[in-house]
Amino acid sequence: MDGDFLPRIIGFLCNWCSYAGADLAGVTRLKMPPSLVPIRVMCSSRVDPLFILKALLGGADGVLVAGCHPGDCHYQTGNYYTRRRIALTQKIFSELGLEVSRLKLAWVAASEGARFKKVVTEFTEQLREMGPSPIGEEVFL
Amino acid sequence: MKALKMSKPPDDAIRDILRFSLEKKKVQAVFSLSKIEGNGYAYALISNKELLSNICPTFPLMPVNSAKMISRLTAVEAVKSPIAVVLRPCELRALFELVKLEQAKLDNLLFISFVCNGVFPIKAMKDGLDGKLEKYWENARIGQDFAELRESCRICESFVPDNADIVLMTGGSQNNDTSSVLMKTQKGEEFIEGINDQFVEEDRELKGLDNVRNRRAELKKTVFSDLKTEDFGIQGLARIFGRCINCHACSKACPICHCNLCHFEAAESESDPSTFEVDLNNRGALRLPTNTVFYHVGRLIHVTISCVGCGMCSDVCPTDIPVATVFTKIAERVQNSFSYVPGRNVEEKIPILTFERDELEELGE
Chain F
1 MDGDFLPRII GFLCNWCSYA GADLAGVTRL KMPPSLVPIR VMCSSRVDPL
51 FILKALLGGA DGVLVAGCHP GDCHYQTGNY YTRRRIALTQ KIFSELGLEV
101 SRLKLAWVAA SEGARFKKVV TEFTEQLREM GPSPIGEEVF L
Chain P
1001 MKALKMSKPP DDAIRDILRF SLEKKKVQAV FSLSKIEGNG YAYALISNKE
1051 LLSNICPTFP LMPVNSAKMI SRLTAVEAVK SPIAVVLRPC ELRALFELVK
1101 LEQAKLDNLL FISFVCNGVF PIKAMKDGLD GKLEKYWENA RIGQDFAELR
1151 ESCRICESFV PDNADIVLMT GGSQNNDTSS VLMKTQKGEE FIEGINDQFV
1201 EEDRELKGLD NVRNRRAELK KTVFSDLKTE DFGIQGLARI FGRCINCHAC
1251 SKACPICHCN LCHFEAAESE SDPSTFEVDL NNRGALRLPT NTVFYHVGRL
1301 IHVTISCVGC GMCSDVCPTD IPVATVFTKI AERVQNSFSY VPGRNVEEKI
1351 PILTFERDEL EELGE
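From first to last, the protein sequence lines stand for chains F and P.
Take our numbering: the final residue in the first sequence is number 141, and no numbers are missing along the way.
Take our numbering: the final residue in the second sequence is number 1365, and no numbers are missing along the way.
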């Protein structure tokens, strides 16, 4: 069973780096699990933690937030705010007994197609081991 | 520290000071909890000194968190001529957070606060507090817990105002018929200058209050550990918020929750066939009203960094969900993780509105 389980990941990818990185992975025909549903945002700091929460409560097995490497933000400092926000969200998840590792933050530059592949593949593998999210099984939310 | 000794109870002392300041035209108006008709209590802005007999600043009720009211008065434009504001320590802290969130301005406001002994739940307004007040003040004097007060007050350790210009001592082995008025700032001293009362040099660094703080800290520990939030998981969340009727009263009452266009009240929060059919397919059922866990956890993420633990949210909950217990507990953990104390310093930035370049390097691979 577990071998057949393909996690569903919602990926918020920043327009300038990570989305371009994903694009590069595509045009270079790198092979990776078809587990990620990409959503393009102009900056990773556009991701209100509510987006993450909504995805997880909707039954996503994992959420990936990806942006430019620290120091490389197209808007200078957006990703530093993202980092704090993710830290805060993870802290609250852990205090509420929710699985923190279902939320992942990664830095992927526009030139890093291979890196994008690696991030998606490893996250998928990790979620496969964790199994389906228990949130998806809870009915009356 | 310079103190004013007044041989009258705290409310009378504050009334005298405010009357003096209105007569001397030091302020154009005063803001305080006031008695309305019957058992009604509300905050009021008063410029006519004849109406000062209505004010009751230390009366143990908090119908709304007054930070929210000050925000309504000053969000768009700062006050033009001075107003003296009497409020509780948690309200002042909440107001500082709202200033950081650009929802209020402090210009021309002078703050009078007092050592807070807690308040009764607002439902007590219906029947009045006759017969309970005496016990309330006696317990405050001897530093005793009072089970009828809000739980948030019974576990609050921040009951001494740090940032007011003028602070009144109440409780803590204080004789309730005399009041010590401490001038904490130059602004406070100028405000009281010229008043015809006895000044003394006093070192009231709030002795006797440590016992109260320790007792409350003990109770807080028990209350927080009984709640077992860390074991919630999705099931626990569904359980504790299971009786939520989605009235949003907790967010309306919360001084920190300030968005005019709330996500949870927007059209996109409604379910239409295209969204509920997904739920029916995936889960086989849909709870209505929808999105209650989403709402509460979403609010935890949005407000706990600034939560001052005032307890308004629990107080207004029609189904008695221990909202404030959950929020203050999570808030304490979140704030500790950022070494942040809300309302401590108005110049300090809220941690998620700032950053350091070299930090959290373990996050983000």
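Read the hints as simulated data drawn from the structure, not as lab findings.
You may find that some hints are simply not true.
Unchecked claim - Here are the simulated lysine to aspartate or glutamate pairs, EDC-like style, with alpha carbons at most 16 Å apart:
id, chain 1, residue 1, chain 2, residue 2
1, F, LYS91, P, GLU1189
2, F, LYS91, P, ASP1012
3, F, LYS54, F, GLU99
4, F, LYS91, P, GLU1332
Note that this is a predicted model, so its numbers are computed, not measured.
Tested hints:
| no. | hint | result |
| --- | --- | --- |
| 1 | F/LYS91 / P/GLU1189 | violated (43 Å) |
| 2 | F/LYS91 / P/ASP1012 | violated (46 Å) |
| 3 | F/LYS54 / F/GLU99 | holds (15 Å) |
| 4 | F/LYS91 / P/GLU1332 | holds (11 Å) |
Comparing the model with each earlier hint shows violations of hints 1, 2; every other hint is respected.
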